[in-house]
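Whole structure, please, built from the sequences with the hints as guidance.
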Amino acid sequence: MSGDASVNSEPIIRYRGVTFSYDRSDSTVAPALDRVTLDIRRGERLGILGPNGGGKSTLLKLTLGLLTGYSGTIEIEGRDPHAAASQRLIGYVPQRVEAELAFPISARHAASMAATLGCSAFGGVPREIRERVERALEVVGASGFADKPVGRLSGGQLQRVMIARALASNAKILLLDEPTVGIDPAGQRQFAELIARLHDELGLTTVVVSHDLRTVAASCDRVACLARTLHYHDSPQGLTPAVLAEVFRHDAAAVFGDLHVDAHRASECGHDHGHEHGHENGHDHGHTHNHSHRHDHPGGGGGKP
Amino acid sequence: MKTWQYLTDPVLREIFVPPVLAGLAIALFGGVLSALVVMKRLAFIGQGISHAAFGGIGVAYVLGLGAATGAGGLSLQFVIVFAFCLLAALQVGFLTHSESGRGSTGKSQSDTAIGIVLVASMAIGSLLLHIAERNGRVATVSWESLLFGSLINIDMTYAVVAWGVAAVIFAVLFVLRRPLVFWAFDEPAAAAFGVRVRVMRLVLLVLLALATVTAMKLAGVVLATAMLVLPAAAAVQFSASAARVLGLSLVFAVASVLIGVVLSFEFDWPTGASIVLTLAAIFGVGWGRARLGGG
Chain P
1 MSGDASVNSE
11 PIIRYRGVTF
21 SYDRSDSTVA
31 PALDRVTLDI
41 RRGERLGILG
51 PNGGGKSTLL
61 KLTLGLLTGY
71 SGTIEIEGRD
81 PHAAASQRLI
91 GYVPQRVEAE
101 LAFPISARHA
111 ASMAATLGCS
121 AFGGVPREIR
131 ERVERALEVV
141 GASGFADKPV
151 GRLSGGQLQR
161 VMIARALASN
171 AKILLLDEPT
181 VGIDPAGQRQ
191 FAELIARLHD
201 ELGLTTVVVS
211 HDLRTVAASC
221 DRVACLARTL
231 HYHDSPQGLT
241 PAVLAEVFRH
251 DAAAVFGDLH
261 VDAHRASECG
271 HDHGHEHGHE
281 NGHDHGHTHN
291 HSHRHDHPGG
301 GGGKP
Chain C
1001 MKTWQYLTDP
1011 VLREIFVPPV
1021 LAGLAIALFG
1031 GVLSALVVMK
1041 RLAFIGQGIS
1051 HAAFGGIGVA
1061 YVLGLGAATG
1071 AGGLSLQFVI
1081 VFAFCLLAAL
1091 QVGFLTHSES
1101 GRGSTGKSQS
1111 DTAIGIVLVA
1121 SMAIGSLLLH
1131 IAERNGRVAT
1141 VSWESLLFGS
1151 LINIDMTYAV
1161 VAWGVAAVIF
1171 AVLFVLRRPL
1181 VFWAFDEPAA
1191 AAFGVRVRVM
1201 RLVLLVLLAL
1211 ATVTAMKLAG
1221 VVLATAMLVL
1231 PAAAAVQFSA
1241 SAARVLGLSL
1251 VFAVASVLIG
1261 VVLSFEFDWP
1271 TGASIVLTLA
1281 AIFGVGWGRA
1291 RLGGG
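Going down the list, the protein sequences come from chains P and C.
Counting in the numbering used here, the first sequence runs from 1 upward without gaps.
Counting in the numbering used here, the second sequence runs from 1001 upward without gaps.
By construction, these hints were calculated from the structure, which means they are not laboratory data.
Everything numeric in this text was worked out from a predicted model, so none of it was measured.
Idealized CB from N, CA, C, for every residue including glycine.
Careful: at least some of the hints might be erroneous.
To be verified - These stretches of chain P come out as covered by chain C in the derived footprint (C-beta under 8 Å, 3 or more residues):
(1) 58-66
(2) 76-90
(3) 116-122
Put into structure tokens, the structure is as follows:
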């Protein structure tokens, strides 16, 4: 825990054969996650890329300890997700839509919420923690609007506050859920720069979960592709259209509709592989539904490099 | 000015002072709790609690505790009604917010189930009250004061109970203020940072049930829960800062209880109606001010 960003040290998060089903009573339904094995290395910037319904948010909730009942193991610094959450090892940055923005609080107050959880109930916030919050606001460039009510912040500003909240909590890992949804292109560029700075200056491990290839390409060194199981590649540059097509083939139109050149190549490759069968075969059981057909991709089940 | 007579005459003062004291306690915890209720959008739970309370009151009347005064009878009645309110709060609070992953059909089914249980509780309450009246357990059921509140219900013992409840609520809110506010603001993130969100929800629901039962004697079954919603609902029309919303909410709650109790004395109006209409008027002013460009 020396802030050593060496990629050869122990993984900071270790997934081993993680399988999860929302409906375990029905064995005909494919699990939301199927034997996901992945090491997240200390100090790296990992992107978890995948289509909507591919299990990204399931993996995220499992990692945060918000869902239980999985098989396999998840270890965060050697602890299970529940223990990791209570020790605030992971700084979670949610999609912006989840907070109550009508809440009458300032950006600074919102940023301090995670950091002050550990404070004694009988007394104020120690100066050390107040300073930590201020430093976090400064690092993300939110000092200028720290006194504004959260309801009056732009999407990008709010995101910075959420990142500051995670930083101020002294989390070792920053876990960002769809960080560029609803953020304009300029804000997306700033976001990528901020992630790079946090990585370089603080040696933080950052995990960006997104369905957007551009987001992952701009802010990550390494990419894991998740579509129920893991399809893995080491760098955004190394992601071949064939792998992308494999991962995204179920909703290629929805995901690649705005991706121009890559989209064409990717979907063409998808045709070449002849994987179009079973396309509309998704189950309709709520927002967590998954692609139901089975396939035996060579990378399935084992994501280790 | 009847109020002045009540205040100056030593005998009448004994009638006037307890409801004012109890009302102040209720205003204080109502003002604070309403901030959480409004922010967490839990206003609908109030309806559930008041419906269920009716069932509890029916049970109390049938057991001959309806017109109970004094510490023993009062506390037994309090416990029975509180049990009903708590069950309703937990049922509404947890079933409508059950874990994600449940399909939309499941939710609408639980909504229906909740609706049926609450309405049935209300029906049982009114039936039991009727039976209690028939069997002479109580001379007459004063429906108006039951539903809309009355000052006559409140003696000094009750004022002490109200302040005790206020102390409990404030102590719990103070100790849990940081995780509670985090939870109310951003539940998924709070959970990810280790806040035990189910415990937070449980705590708030228990406090709401306790608060409603306490406010019920003063403001009536139907209007008690308004005391747990309107102060902060009005306050957010005036400010966007947490501290000021809390402060205004308290001020509005205290002012409306005092004004409502005085109106109730002066004109023999139902106490709950007087308080709630005062709060509604403040809300209306704030709403108009915010919408018509006054602020």
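- Per the coverage rule (Cβ-Cβ under 8 Å, at least three residues), is the stretch 76-90 of chain P covered by chain C? This one holds; 5 residues, not fewer than the three required, reach chain C with a Cβ under 8 Å.
- Coverage of the stretch 58-66 of chain P by chain C, judged on three or more residues with CB within 8 Å: holds (count 3)
- Task: Count the residues of the stretch 116-122 of chain P whose CB lies closer than 8 Å to any CB of chain C, then report whether that count reaches three.
- Result: Per the Cβ count (5), the hint holds.
Checked against the numbered hints above, the structure violates none of them.
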